[in-house]
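Protein chains: 2
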Amino acid sequence: MIEFPKPTVEQFFRTHVITNFAVSSDEKRLIFSSNLNGKVNLWAMDLPDTFPYLFAHHDESVSFIKTDPHNRFVLAGYDKDGDENHQIYALPPEGGLPQPLVTGDSQEKYFFEHLSDDGERLYYGTSENNPSFLNMHVRNLKDGSDELINEGEGGPTHLGAISNDESTFVYYKVFANTYVIGFVKVGEETYDLTPDPEKVHTVGQAVFTDNQTIYFPTDYESEYSYLAKFDLQTKTFSQVVTLENESVETVKYDKSNNQLYLGTEKGVEHGLYRYDLSSKQVEKLEKPVASIHQLHVAKSGNVYLLGNSGTQPLNIFQTTNGEDWKPLTNNRVLGVSQDDMVEPDVVSYSSFDGMEIEALLFRAKPENDNGHTIFWPHGGPQAAETKTFRAMFQAFLNRGYTIFAPNFRGSTGYGSSFVKLVEQDWGEGPRLDNVAGIEWLFENNITDREKLFLVGGSYGGYMALLLHGRHPEYFKAVVDIFGVSNLFTFVNSVPEHWKPIMERWVGDPERDKERFIKDSPDTYLDGMTKPMLVIQGAKDPRVVKEESDQIVAKLREKGRDVEYFVMEDEGHGFSKKENEIKVYSLMLDFLQKHQA
Amino acid sequence: MIEFPKPTVEQFFRTHVITNFAVSSDEKRLIFSSNLNGKVNLWAMDLPDTFPYLFAHHDESVSFIKTDPHNRFVLAGYDKDGDENHQIYALPPEGGLPQPLVTGDSQEKYFFEHLSDDGERLYYGTSENNPSFLNMHVRNLKDGSDELINEGEGGPTHLGAISNDESTFVYYKVFANTYVIGFVKVGEETYDLTPDPEKVHTVGQAVFTDNQTIYFPTDYESEYSYLAKFDLQTKTFSQVVTLENESVETVKYDKSNNQLYLGTEKGVEHGLYRYDLSSKQVEKLEKPVASIHQLHVAKSGNVYLLGNSGTQPLNIFQTTNGEDWKPLTNNRVLGVSQDDMVEPDVVSYSSFDGMEIEALLFRAKPENDNGHTIFWPHGGPQAAETKTFRAMFQAFLNRGYTIFAPNFRGSTGYGSSFVKLVEQDWGEGPRLDNVAGIEWLFENNITDREKLFLVGGSYGGYMALLLHGRHPEYFKAVVDIFGVSNLFTFVNSVPEHWKPIMERWVGDPERDKERFIKDSPDTYLDGMTKPMLVIQGAKDPRVVKEESDQIVAKLREKGRDVEYFVMEDEGHGFSKKENEIKVYSLMLDFLQKHQA
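Protein sequence lines correspond, in order, to chains X and R. For what it's worth, the working numbering labels the leading residue of the first sequence as 7, then goes sequentially. For what it's worth, the working numbering labels the leading residue of the second sequence as 7, then goes sequentially.
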């Protein structure tokens, strides 16, 4: 019968993302953000029907979606071309065109924090008048009045949770990714959520189970985050649920069944648990995907989950009993079955100092294998490469590249000490972990010494530049996607509300001048002798375009082979399908060309 | 609470179309063609789930979709930028990128006609070697062998139906839209489907209920098409089901229940009936929409229907019992409820010679009303303006225009004599019906004499040009969308397989020279004094670009106010959302400008 060629790389380009979702309080409508029509827009489905329809046309990334409990409006956050200056818009309940609601100068940010149970008061944070630490306001949606309720100080401050009676507020103050403290404000009184805010630890998203009881994840005095409780009546902190070598990251309250859902992280995979507040029992739940991106518990107790796996793109699932997950979406790779794709092997190796490093190894299928390996240091750096679908990875694999992605020191999911190892050491320990990973690939005959490429984005782009500069002998060619090229310029150019955390995270440019020089990729321009492709979004607020401009200019001055592609209408990622396809194609062509 | 503006015209631009669909034989997959992602592509849903996923990426219009009964492949027809040179492609059963299957020179056409029950033999018609009358081939999909099975002659010839045992074929020969004869070929024998092929009548899509029995719609010796039967054993023709003032247009066989579904036309609305072959009972069925675009009966007896109504875009529905229609898609206007849109009133008026003309009148809602009316002569001309969703109409209405669309003589749905009245009279009777319609609008105080616009496409564009040239006093401004400007050039430039029908349809340029001159819009250039906007697809094979080029050039030579917009990558319609939006915007701006 008719013979068909095997799936081509172009098919992977056509995969859509689902970035976030919201479910109306009556669960009759699910609204999600997706690039289904080529740019990110809001789509909706009228449950139980799942055929989606365009809900809001704006062609921009969506930072949050929130439905009014009484279905009078929907709120959504949009930025402009990825500049991350998110502002708050309102939509008619049946959808339409977003109307500005809480907005201001295009350089200001307005973060949605909370909508009161009656839908009448909107709590939001803003960079206005307090760009570094942020102020908290409440906007009365009935009369439009606006009140400043908290001035951030000491660190960027966010609203965490509000009691039902709106008398009590949980705030977080961020000193670093690994140092976030929480406090409760009741009237003029303020209490610390954890016993000692001076100790370095984090506090995650809190929930009120009643006006006096707050549950939240924290790693206070622990390697892994656990579920903790703060009792406002007795002002006592207590440890509630601890999991072995596993961090509780998300807590959602299921009022109807008096239980909490806990989302966890453990190395390259996420976990899901249920904690019964009456029986105090913890139960591990099946989940439909390896990685959970968003979890929502409806008033009915139904749970909605957005997540993905190595070979499954982002989809939304629903369960009525915490067990039988029903997919609500069917986002897939055009004409490619999961069997045609590659699930990663989880491997580990010993680094320069004996530390165990876990990594994902995606092995090209024999029929595709081109003999080359792509080494991928992930971004963050305080993040992890988990079992998650990346169209880019599967496109590389389809073309025959093997991919290796180590969770070097500084990665999340391996305990609090491990994640802190990248702080004030961006370029030494993590780099040597990557080098050890490369050597491990060679030693285990996974990769030929002559056939290694290096590709990374964000911190991974920084690491790609640094590895290139210091260890060019390993690589045939290097791709840098919005990577930091110089630590001095980087710490000065991040968004204002990031600046307070830079000292702990990266260091102080004056105090740590020697280290900054040592760990800045552009210190090693002489080493960067291999062909390079640099990709940058012009609107990127995290790693600004100058980071790429300057290294490209310096290398070209030296006559090096550098291709440079700037996307004028993107930030630190992709919001437009055509840009994504263009970049994938450039990367594939670049790698192909340099295989020889 | 939050106040929202009323829906804007931009929201109507975002509506999607669903142009056709196919259901796999096990009914586990429904594949449909839609511009969901901005260009026309194939999408699929795995029933009963209805979340669609991209099934084939090709960014071109789809002329048909056919699934292999054994699910080894899917066939689809694509042209290039609307040039209507459809060719046949194959897709892997799980979707992917279309592979050429029956294709040839880009100027040739390959029409899908039939796939054998075992999925192994593909019957198709082609312009290759017989551009005017078309040849029929069968391609063996197992070994790739190809056999010519019928050479068209006398008129463009299409395969109508094939008996299950593939011994017997029904063909149609087209002499005009109103003169289509059918014949049956069994081996070397050929029989006429109707008693006298010399009498002018039509035969529509036939079905075999067994190898000896053929049902089909025909208006043989009747004003309205009815269900007829041809018995191959006795070689007898018989009239089976006749409906009053209603034409049977579609016949589908439901083998599992031994019944036929009949799709009908009656003026501005479609109908749906079921005929029980055992009891000989006819039953009128409820339908979920006013207009039926496609009907499919599965082996199980389930019925699938694609259709729309005045205020409801194209959607697909399913019924298991012929009654309770369940929507499978939820295609709607962004944030606009049906109540926000306008359903047409059905009106009628007496024309110059006393003939009754039915028309659709869409009255602008009082809160939108701008006092102006758009007169819309439909295309075809042997077609009708039915209760069907047009985003363009609802956008006009939203901006406050009232719309009037008459079914002038020559329209379908009002009997065989009526539809023939436009033949060899393109410019007199139909034009005077339109003029009478305009006067009726004035007389009934629906329209102010100073506030009438004229907009038409295809034959409607021809009529707009002609009305403009001969009755400029009626109009403030005129929009012509790929309209015929000169009958002489038109009859010479249509697709080759249309040429055999031109004589009966339009006339003979030599014999009817005087009439061609009288009925050609460009005879009346002097009259065309009002501002004009002309829209044309560069690839249009029906009304070629020269038709618009020449009238625009001639009018500009005379210093007239003519805007001209050519879409380089479109034919006789829109396949790309961005082109559609551009044209809508141009039209709305043009009308707005000329209201003053």
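Keep in mind that the hints were calculated from the coordinates and are not lab data. Small disclaimer: the values here were computed from a predicted structure and weren't measured. You may find that some hints are simply not true.
Since the list can't tell identical chains apart, any single copy or any two copies may satisfy a pair.
Claimed, not checked - Below, a list of computed lysine-lysine pairs in the DSS-like style, where the Cα atoms sit at most 27 Å apart:
(1) Lys-12 to Lys-148
(2) Lys-86 to Lys-12
(3) Lys-599 to Lys-235
(4) Lys-588 to Lys-524
(5) Lys-241 to Lys-148
(6) Lys-72 to Lys-12
(7) Lys-205 to Lys-426
(8) Lys-371 to Lys-426
(9) Lys-191 to Lys-179
(10) Lys-393 to Lys-179
(11) Lys-286 to Lys-305
(12) Lys-34 to Lys-12
Evaluated hints:
no., hint, result
1, Lys-12 to Lys-148, "between (58 Å within a copy, 19 Å between copies)"
2, Lys-86 to Lys-12, "between (39 Å within a copy, 25 Å between copies)"
3, Lys-599 to Lys-235, "neither (57 Å within a copy, 66 Å between copies)"
4, Lys-588 to Lys-524, "neither (34 Å within a copy, 55 Å between copies)"
5, Lys-241 to Lys-148, "neither (35 Å within a copy, 78 Å between copies)"
6, Lys-72 to Lys-12, "between (42 Å within a copy, 22 Å between copies)"
7, Lys-205 to Lys-426, "within (14 Å within a copy, 91 Å between copies)"
8, Lys-371 to Lys-426, "neither (36 Å within a copy, 64 Å between copies)"
9, Lys-191 to Lys-179, "within (13 Å within a copy, 84 Å between copies)"
10, Lys-393 to Lys-179, "neither (30 Å within a copy, 60 Å between copies)"
11, Lys-286 to Lys-305, "within (21 Å within a copy, 55 Å between copies)"
12, Lys-34 to Lys-12, "between (41 Å within a copy, 24 Å between copies)"
Violated hints, in rising order: 3, 4, 5, 8 and 10; the structure is consistent with all others.
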